[in-house]
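Q: Residue numbers (this note's numbering), protein chains in the order written: chain A, 3 to 540; chain B, 168 to 267; chain C, 4 to 208.
Simulated from the structure, these hints should not be mistaken for lab results.
A couple of the hints might just be wrong.
Unchecked claim - So the derived list for chain B, only partly shown, Cβ under 10 Å to chain C, looks like this:
| id | residue |
| --- | --- |
| 1 | Val191 |
| 2 | Val196 |
| 3 | Leu218 |
| 4 | Ile220 |
| 5 | Thr221 |
| 6 | Lys224 |
| 7 | Phe232 |
| 8 | Glu238 |
| 9 | Pro240 |
| 10 | Leu242 |
| 11 | Met246 |
| 12 | Val248 |
| 13 | Leu260 |
What the hints assert, rightly or not - Here are the simulated DSS-like cross-link-like pairs (lysine-lysine), alpha carbons at most 30 Å apart as the crow flies:
| id | chain 1 | residue 1 | chain 2 | residue 2 |
| --- | --- | --- | --- | --- |
| 14 | A | Lys496 | A | Lys419 |
| 15 | C | Lys48 | A | Lys155 |
| 16 | C | Lys48 | C | Lys112 |
| 17 | A | Lys197 | B | Lys243 |
| 18 | C | Lys179 | B | Lys243 |
Just so you know, even glycine gets a beta-carbon here, dropped at the ideal spot from N, CA and C.
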Amino acid sequence: MSTSTAESNYLEYEGRHSGLLGWLLSTDHKRVAILYLVSMVTFFFAGVSAGFVMRLVQLTPFHKLITAQTYNALFTFHGVVMIFLFVIPGLNAVFGNFILPIIIGAKDVAFPRLNLASWYFFIGGALIAVTALFTGNGPPDTGWSFYAPFSIKSGTNVSLGVFAAFILGFSSMLTGINFVTTIHRLRAPGMTFFKMPLFPWALYATSWMQILATPVLAVTLVLVILERAFGIGVFDPAKGGDPVLYQHMFWMYSHPAVYIMILPAMGAISEILPTFSQRTIFGYKAIAGSSIAIAGFGSLVWAHHMFTSGMSAFGNILFSFLTMVVAVPSAIKVFNWIATLYKGSVNFQPPLLYALSFIFLFSIGGMTGVWQGALALDVHLHDTYFIVGHFHYVMFGGTGFAFFAALLYWFPKMFGKMYSNTAAYVAWFFLFIGFNGLYFTMLVLGMQGMPRRYYAHLPQYHLGHVIATVGSWVLILGLLLFFGSLLYAVFRGKKASANPWHGVTLEWTVPSPPPVENFDEIPEVSQGPYHFPSEVAL
Amino acid sequence: MSEISTQPNDHPTAHPSYRTVITVWVALVVLTGCLVFLSHFGLRAAVWGLLTITPVKAALVFYFFMHLRYEDPLLKGVMLVAIITLLIFLVLLFSDVAFA
Amino acid sequence: MSTESHAHAVHRDDFGAKLGMWLFLVTEINLFGGLFIAYSYMRHKYPAEFHHGGAELNATLGVTNTIVLLTSSLTVVLAIMAMQRGKAALSRAYLLTTVGFGITFLVIKTFEWSAKFHHGLYPSAPHLGTLPHGEQIFFGLYFTMTGLHGLHVLVGMCLLFVISNLVKSGKITQSKYVLLENGGLYWHLVDVIWIFLLPLFYLAA
Numbered sequence: 003m004s005t006s007t008a009e010s011n012y013l014e015y016e017g018r019h020s021g022l023l024g025w026l027l028s029t030d031h032k033r034v035a036i037l038y039l040v041s042m043v044t045f046f047f048a049g050v051s052a053g054f055v056m057r058l059v060q061l062t063p064f065h066k067l068i069t070a071q072t073y074n075a076l077f078t079f080h081g082v083v084m085i086f087l088f089v090i091p092g093l094n095a096v097f098g099n100f101i102l103p104i105i106i107g108a109k110d111v112a113f114p115r116l117n118l119a120s121w122y123f124f125i126g127g128a129l130i131a132v133t134a135l136f137t138g139n140g141p142p143d144t145g146w147s148f149y150a151p152f153s154i155k156s157g158t159n160v161s162l163g164v165f166a167a168f169i170l171g172f173s174s175m176l177t178g179i180n181f182v183t184t185i186h187r188l189r190a191p192g193m194t195f196f197k198m199p200l201f202p203w204a205l206y207a208t209s210w211m212q213i214l215a216t217p218v219l220a221v222t223l224v225l226v227i228l229e230r231a232f233g234i235g236v237f238d239p240a241k242g243g244d245p246v247l248y249q250h251m252f253w254m255y256s257h258p259a260v261y262i263m264i265l266p267a268m269g270a271i272s273e274i275l276p277t278f279s280q281r282t283i284f285g286y287k288a289i290a291g292s293s294i295a296i297a298g299f300g301s302l303v304w305a306h307h308m309f310t311s312g313m314s315a316f317g318n319i320l321f322s323f324l325t326m327v328v329a330v331p332s333a334i335k336v337f338n339w340i341a342t343l344y345k346g347s348v349n350f351q352p353p354l355l356y357a358l359s360f361i362f363l364f365s366i367g368g369m370t371g372v373w374q375g376a377l378a379l380d381v382h383l384h385d386t387y388f389i390v391g392h393f394h395y396v397m398f399g400g401t402g403f404a405f406f407a408a409l410l411y412w413f414p415k416m417f418g419k420m421y422s423n424t425a426a427y428v429a430w431f432f433l434f435i436g437f438n439g440l441y442f443t444m445l446v447l448g449m450q451g452m453p454r455r456y457y458a459h460l461p462q463y464h465l466g467h468v469i470a471t472v473g474s475w476v477l478i479l480g481l482l483l484f485f486g487s488l489l490y491a492v493f494r495g496k497k498a499s500a501n502p503w504h505g506v507t508l509e510w511t512v513p514s515p516p517p518v519e520n521f522d523e524i525p526e527v528s529q530g531p532y533h534f535p536s537e538v539a540l
Numbered sequence: 168m169s170e171i172s173t174q175p176n177d178h179p180t181a182h183p184s185y186r187t188v189i190t191v192w193v194a195l196v197v198l199t200g201c202l203v204f205l206s207h208f209g210l211r212a213a214v215w216g217l218l219t220i221t222p223v224k225a226a227l228v229f230y231f232f233m234h235l236r237y238e239d240p241l242l243k244g245v246m247l248v249a250i251i252t253l254l255i256f257l258v259l260l261f262s263d264v265a266f267a
Numbered sequence: 004m005s006t007e008s009h010a011h012a013v014h015r016d017d018f019g020a021k022l023g024m025w026l027f028l029v030t031e032i033n034l035f036g037g038l039f040i041a042y043s044y045m046r047h048k049y050p051a052e053f054h055h056g057g058a059e060l061n062a063t064l065g066v067t068n069t070i071v072l073l074t075s076s077l078t079v080v081l082a083i084m085a086m087q088r089g090k091a092a093l094s095r096a097y098l099l100t101t102v103g104f105g106i107t108f109l110v111i112k113t114f115e116w117s118a119k120f121h122h123g124l125y126p127s128a129p130h131l132g133t134l135p136h137g138e139q140i141f142f143g144l145y146f147t148m149t150g151l152h153g154l155h156v157l158v159g160m161c162l163l164f165v166i167s168n169l170v171k172s173g174k175i176t177q178s179k180y181v182l183l184e185n186g187g188l189y190w191h192l193v194d195v196i197w198i199f200l201l202p203l204f205y206l207a208a
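Chain A on its own, in the form it takes in the complex:
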């Protein structure tokens, strides 16, 4: 049943093109978001498969399953796919695209055709990455960070792999340009910056980082390709080049990149918590400001990935200090989120459960990050499984779980259907247990001294590896349950109402699923974003 006689929703709409072409050529931000969602989840499971095999190799009977060379290629593949094809686009590409125009009261983004082009850059980069696996001298084996001088010397398909990342960067930059312009130009009348909800604030800060930092990576990757092809020498010690320069330039992007990964996630959490507490967010301006602060300070700390690379003592100390500072705005958010729940009318639903898990898991990730920022600790922890545990806690426990939470939150809006709560809770159980079994163990292994990116391990680490691998199986089961139940709900779920969670931001005022142009009439906004009518004044 369509919501009005004239306007069908965006899923059913047939314009100039019908069927699959209607999706592949659509400039409707909602369809572009679904294109991203489908492709990203596909890539995610490709990355999961690589991880599954990697963990299997650490079990004795499967140790000779693959060669060491293949293992190196696998963790490179796992990193490239997960980071460039899932976490960096992340909530930005899916929920930024779907929700941003609606939540600010617009009919689409500022540049709809550029938006579709961004998705094609994304797919193009992905296809090039896949090509790099099967052509030339085999898949890159340098790790996703492509460190010089090995990336210059390695006989594998590094140039193509690096070129894939270069193309993917365009997707990120163009999305950033689109979102900044959208937020500046298309907010509904009356919606000043400080009446804007926190998800667009997070997207705004993220988009700036995408614009400013991605080009530095682009040029670094171009230099790697030129180095390999023409031997220009900047990263090659034999010609007077410096591999440490590569690290500086690489991390100048790749550190802000982790904030690109986490800020939209935090923005989604800032939307979920008020809705399920039925009260306004605690410290709106602090959270908005902390998003900008994270973007700003996050650009100042890149060399904390390089403490053991031979930097000067002064450089090490300065970056260590700045790393401690950047933790503060994130902590502000955590405290404000928890305070939001206080005396709220808590509606316990799957999105809230996953959001609370985010806070827990991200806090562990954030805190382990601070420990790594301490120079004396990092000397021991660098390039161990501790680092691997840390970044999986923030990227997966953080962005990953926030992605799940956002998907559960906005699912009814996006598809007009409701999923099974039971399935979401059961999936959570496996996800949470499996996740901690896998990654907490890695933190311990790292502290015990197990190096990362190693094909084999000493006997003393074996128990930890077994526990971690079993954890990975539980985790994967949770992932299959989670996505399986949502996929089922897309086609067979019960119909959802326009506002099943009693949210008060603008996306809940349009039908589920929304019509093509979102609003019949652009709304006028007169009050702040989290004004709950039933809220009891504290």
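Could you slot chains B and C onto chain A? The hints should help.
A: Just chains B and C now, kept in the frame of chain A:
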């Protein structure tokens, strides 16, 4: 049909005159000449020229040719953010390199 | 089946288009900025060799190219001013002149590069391999940065050529010329980058 909320300075009210743009071009050529002149006095003078004259030339292009002088403060802010970011990268990089 | 024709986002927002273009220019600035950072790092490491390498470059050609680009920036501004005054043919003439200056720039650059190849001063050349490390890095950066810049000059020329055709066909008019402005912005940025490249390689090296 929706209207975009009116934003300040959608259409800049001023444009440079012919005289202004020609003067700017002459200034750019003259400054280039100064740069060349300075470079004949050795490396130090040349580097000082690089650090002072070149940003002025760039600023003239941004302000007059690229119309930034007459545009909404938002665009000026955008450029400022870009330049500050690069400066921060450079300064922080040298905080390590200079002490190596 | 929808009964409405999908008048998708028919609103026109010139300022938004300009804002988007400026944000794109930020990405270009940071792209070259990364290379400037690499240059600074290496120059700090090899001050004497960079000086020596710079002496090998033809400053006259470098300065000539600078004047060429500065003048091309002027002609692009004149193209916009002509359009603002409703003079489409004049605007188009200025645009094509700008493209002409771009061609001049690239021709001079080709001469420069050929001379370097002839003297064995290109990446991985046997002769270059005998020179001190710092000079090898200098020339590696020289070809990378002027090469990337030259690529942008080429792109800018194509862009301006397409825009001149849009002027000819009447798609850009006195009341609707934001595309022309945006094309001009791209070209000016290409000019600004060269303004920095000149002293870095030819004069203050």
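Q: Next step is simple, just say for each hint if it's right about the structure.
A: Okay, the hints, checked on the actual structure:
1. Val191: holds (8 Å)
2. Val196: Holds, because the Cβ-Cβ distance from B:Val196 to chain C comes to roughly 6 Å (cut-off 10 Å).
3. Leu218: Since chain C brings a Cβ to about 9 Å from B:Leu218, closer than 10 Å, the hint holds.
4. Ile220: holds (8 Å)
5. Thr221: At about 6 Å, which falls below the 10 Å cut-off, the nearest Cβ of chain C leaves the hint on B:Thr221 intact, so it holds.
6. Lys224: It holds, given that the least Cβ distance between B:Lys224 and chain C is near 5 Å, below 10 Å.
7. Phe232: holds (5 Å)
8. Glu238: It holds, given that the least Cβ distance between B:Glu238 and chain C is near 8 Å, below 10 Å.
9. Pro240: Violated - the Cβ of B:Pro240 stays beyond 10 Å from chain C, reaching only about 12 Å at its closest.
10. Leu242: holds (5 Å)
11. Met246: This hint holds: B:Met246 lies near chain C, its Cβ roughly 7 Å from the closest one there, short of 10 Å.
12. Val248: It holds, given that the least Cβ distance between B:Val248 and chain C is near 8 Å, below 10 Å.
13. Leu260: B:Leu260 check passes; min Cβ-Cβ to chain C is 6 Å, inside 10 Å.
14. A:Lys496 x A:Lys419: holds (5 Å)
15. C:Lys48 x A:Lys155: holds (23 Å)
16. C:Lys48 x C:Lys112: holds (27 Å)
17. A:Lys197 x B:Lys243: Roughly 24 Å separates the two Cα atoms, so the pair holds.
18. C:Lys179 x B:Lys243: Since the Cα atoms of C:Lys179 and B:Lys243 sit roughly 23 Å apart, the hinted pair holds (cutoff 30 Å).
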